[in-house]
Amino acid sequence: MAAKRSILDHVLVPKCRILSEDEVEELLKKYHLTKEQLPRILESDPVVKELGAKKGDVIEFVRNSPIAGKALYYRVVV
Amino acid sequence: MVARKTIGEIHFGILSPEMIRKMSTVEVKVAETYDEDGFPIEGGLMDPHMGVADPGLRCKTCGQKMNKCPGHFGRIELVRPVVHSEYARYIEYSLNGFCPKCGRPLVSDEEMKRIEAEYPPKQRLKALAKKGANVKKCPHCGFERQPVRLDRPTNFFEGDRRIWPTEIRERLEKIHDADLERLGFDPKNFRPEWLVLTVLPVPPVTVRPSIVLETGERAEDDLTHKLADIVRINQRLKENIDAGAPQLIIEDLWDLLQYHVTTYFNNETPGAPPARHRSGRILKTLIQRLKGKEGRFRYNLSGKRVNFAGRAVISPDPMLDIDQVGVPEWMARLITVPMHVTEWNLEEAKRYVASKEYPRALYVIRPDGTRKRVTDVNREELLEELAPGYTIERQVIDGDVVLFNRQPSLHRMSMMALKVKVLPGKTLRIQPAVCPPYNADFDGDEMNIHFLQTEEARAEARELMLTPKHVITPRYGGPLIALTKDYITALFLLTLPWTRLTKEQAMDLLYAAGITKLPEPDEDGLYRGRDIFSMLLPEDLNIRFVSRLGKYLVETGLVQKGAKKAVVSPITVIENGKLIKGVIDKAAVGTEKGVLIDYMYRRYGEETVRRFITQVSRMANRLLYMFGFTNSYESLKTPPEIDKQIDEIVDRALQEVNEYIRKYKEGKLEPIPGRDLKESLEIYIMVTLAKAEKEVTNLLKRYLLETKLDPVHILDNYAQIFSGARGSFNNIKNLMGVQGQAAVREKRPHRGFQGRVISHYKPGDLGPFARGFARGNLRDGLSMEELFFWGMGGRMGEVDKGVSTQITGYYYRRLANAMMDLILFPDGTVREVTRDVIVQFLFGDDGLNPQKLRHGEIPVDVIYDKMVAGGKK
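For the record, the sequence lines run as chains A and B.
1 is the number of the first residue of the first sequence in our numbering; add one for each residue after it.
1 is the number of the first residue of the second sequence in our numbering; add one for each residue after it.
The set of hints was computed from the structure by calculation and includes no laboratory data.
Check each hint, because a few of them may be wrong.
[Stated by the list, open to error] What follows is a set of in silico ranges between Cβ atoms, one per label pair, in the way DEER data are often shown:
1) Pro66/A <-> Lys426/B: 42 to 52 Å
2) Leu42/A <-> Gly828/B: 22 to 32 Å
3) Gly828/B <-> Glu43/A: 27 to 37 Å
4) Arg814/B <-> Val13/A: 28 to 38 Å
5) Val860/B <-> Leu42/A: 35 to 45 Å
6) Thr502/B <-> Pro66/A: 47 to 57 Å
7) Ser414/B <-> Val13/A: 36 to 46 Å
8) Pro66/A <-> Tyr811/B: 19 to 29 Å
9) Arg162/B <-> Ser44/A: 54 to 64 Å
10) Asn64/A <-> Lys762/B: 56 to 66 Å
11) Leu12/A <-> Asp846/B: 15 to 25 Å
12) Asn64/A <-> Arg675/B: 26 to 36 Å
13) Arg675/B <-> Val13/A: 33 to 43 Å
Yeah, the Cβ is synthetic: ideal placement off N, Cα and C, and Gly gets one too.
Produce the complete structure using the sequences and hints provided.
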């Protein structure tokens, strides 16, 4: 086998990245939210592990939507 | 100020005898209720310490009167303990799980640890009992025991020996608190011996009020009757024990006491005959009060009932507007609407108060809240008194806003706002065009009506719920309130190119729609039907689309290049509000597509569409009085050439099928990937026959469109099919072509006898006729066998209809309940109400309102036309 493959490269895994602190603040401000009101994702989730995200980090997902083409979703790691 | 308290924690447990005595205010010793003078007996079941049910008397516990006293528990001290029948199973578990001598679990400590680790608290006792039941010797004290068996409902046996509740209780008392904790119990709130009752709580009289009949007699509640039984037997048992009666008699009475307590809790206990009232009626005891559809939970707590509502059978009234509901006069008289008197409506209010007949005020409410019924005696007085600030309750009149609903309420259009039109008769009436959103028909359907009582409610209903605002459904972004059935047929007949009317007819039609202008007639003085229809269209309307008939014409190749020119244009063209080509049919004004209604709604708004539907339906109604259409056996006849062609198609298919069967039997059949030979054969056969049926359908379709689209034959009911109003070409195939393959669960019928479905064929016959292919049709009749096979398919359809509506209905309900507290925020996010937690960052991921879209797409044409027209005007 060649170099180790990342699950993030799989077609069915939506594109994702950890938001920087500034971006998180901006996001929360935009929607008038606290972190607790964001949708959650478990720290044990394979994608979270692969990204190396820690509890409290916010991850941005670019989902493919049949209706809208692309849709942005944010989840907080718990 | 309301004192707010938060719940810290909740304990679940069983009432201990100590607790029952503590909360009890009186010991009930007498089975009687009232004495000769009608006063409650002290120590009886209606003892005033337990609260009072008669007005005037005071509770002996709290000193308050009937409406203030909450009621207090009493108790019955049972002479001999009895088993709580509803917990009999847990008593059995406890007896089998623990040693009768030392009270320790009948398993080793290691085993206990394993149970603790492996099972959730709920299942531990059962698990222990399972292990312990067959233990012969207690691992802790070495006592030799026998398994205990529960003989339902309440008798326990150890081997052949009956063990009585006294002994059970002794055994249970020995169980250690520490062991209970390991099993997940909280010994402070639950001790197993509490499951054997020594004292029974008596619910307050408020829970079981007696009813005074008109004759002055008292009728006691079922619970009181049952408690009286318990007290009576308890006393008898006591007397017998005190008198030193033989053991056998005592045991008999003891069992009787057990029976009464058992049925007091649950009169449907398996194994116990239900206790009956003197009249023979089965008593409703505690569990019966709570359980089931008519129990406390589903009937009283989850079931909500409202005032100012009505329900009646519905019927159609084509003269109504789509935002009107016909309310029968009797209902309008019965129900009131509050009207706040101001200086501007004082005169009007006075008219209602002064009136002695129908639209009149029933009540006058003063600013201080006192309510006066308007009678002949005080009418003048109230009239004098009436001033701004008062409220009157007047009967329902035309124009009142109501909510109208039909169950099942599956989507938001199941409850829409309508305006009242008071009509003679007994039924509620609606314009037939609003049937589709309610999924209503008039075969006996009933609907509910709610008369709105506040100005806020009326305003909200008017702005959000009025039917014209729901012409387009958010489900698929197309019209759902649109013309149906005969209206489509009528418009189709009216707009056919050859339809021409006399002046009288034209005026009649236009007047029905409320139009008093006539269009230009032809040179011969006749009026074209399409010109009459055009009078209902906005003057600047420009639109072109393929009509339903046009679609059929294209499908059959009748308008392809080089083919014979069609009599009717497949494309409907409206220019400057004039229909110049094509016809109006389902594609224009029907549900789902309804291009014309859809466009007019988006372009001109709901008011235009409301008026259009109203006018069109009145005109269409009138037109059918004039024209009419019919159906006859004669009109189903096909010429011999067509019959011959049908036969050829079917024969070819049958031959092909027989070829497949031959190959199958010889083992030469090519299997379809993923299927075995038998399955492949079935698929080949089904596909071949379906293809043949389709060919027949197309043949007939073409034949009919070629020969029946003329002024004479169109009235032979073909207008209905051509316009999409009712009936399909598939129906035509069944009538005039071949009935075709009967199907049960998407397969050819195959179950019945061994190797054959019915005994008219040989076992193993896989041929088309042995498996439900009907060559006959409905015009010429089916053979006996054909009819039977179709019966199989028809039966499956009926069963499916019943079963799948139930199943999908429940799925839908669960989804709706799960999603009902998601709301759309002003910033476009979807959140959960209580905590504002985000569910979607943008509604539907695109932030678009599906009601404003056309079948999911942005209606660009309307936007363009609005901009261009807006620029011009």
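Quick rundown of the hints versus the structure:
| no. | hint | in the structure |
| --- | --- | --- |
| 1 | Pro66/A <-> Lys426/B: 42 to 52 Å | holds, 50 Å |
| 2 | Leu42/A <-> Gly828/B: 22 to 32 Å | holds, 27 Å |
| 3 | Gly828/B <-> Glu43/A: 27 to 37 Å | holds, 30 Å |
| 4 | Arg814/B <-> Val13/A: 28 to 38 Å | holds, 30 Å |
| 5 | Val860/B <-> Leu42/A: 35 to 45 Å | holds, 44 Å |
| 6 | Thr502/B <-> Pro66/A: 47 to 57 Å | holds, 56 Å |
| 7 | Ser414/B <-> Val13/A: 36 to 46 Å | holds, 41 Å |
| 8 | Pro66/A <-> Tyr811/B: 19 to 29 Å | holds, 22 Å |
| 9 | Arg162/B <-> Ser44/A: 54 to 64 Å | holds, 57 Å |
| 10 | Asn64/A <-> Lys762/B: 56 to 66 Å | holds, 57 Å |
| 11 | Leu12/A <-> Asp846/B: 15 to 25 Å | holds, 22 Å |
| 12 | Asn64/A <-> Arg675/B: 26 to 36 Å | holds, 34 Å |
| 13 | Arg675/B <-> Val13/A: 33 to 43 Å | holds, 35 Å |
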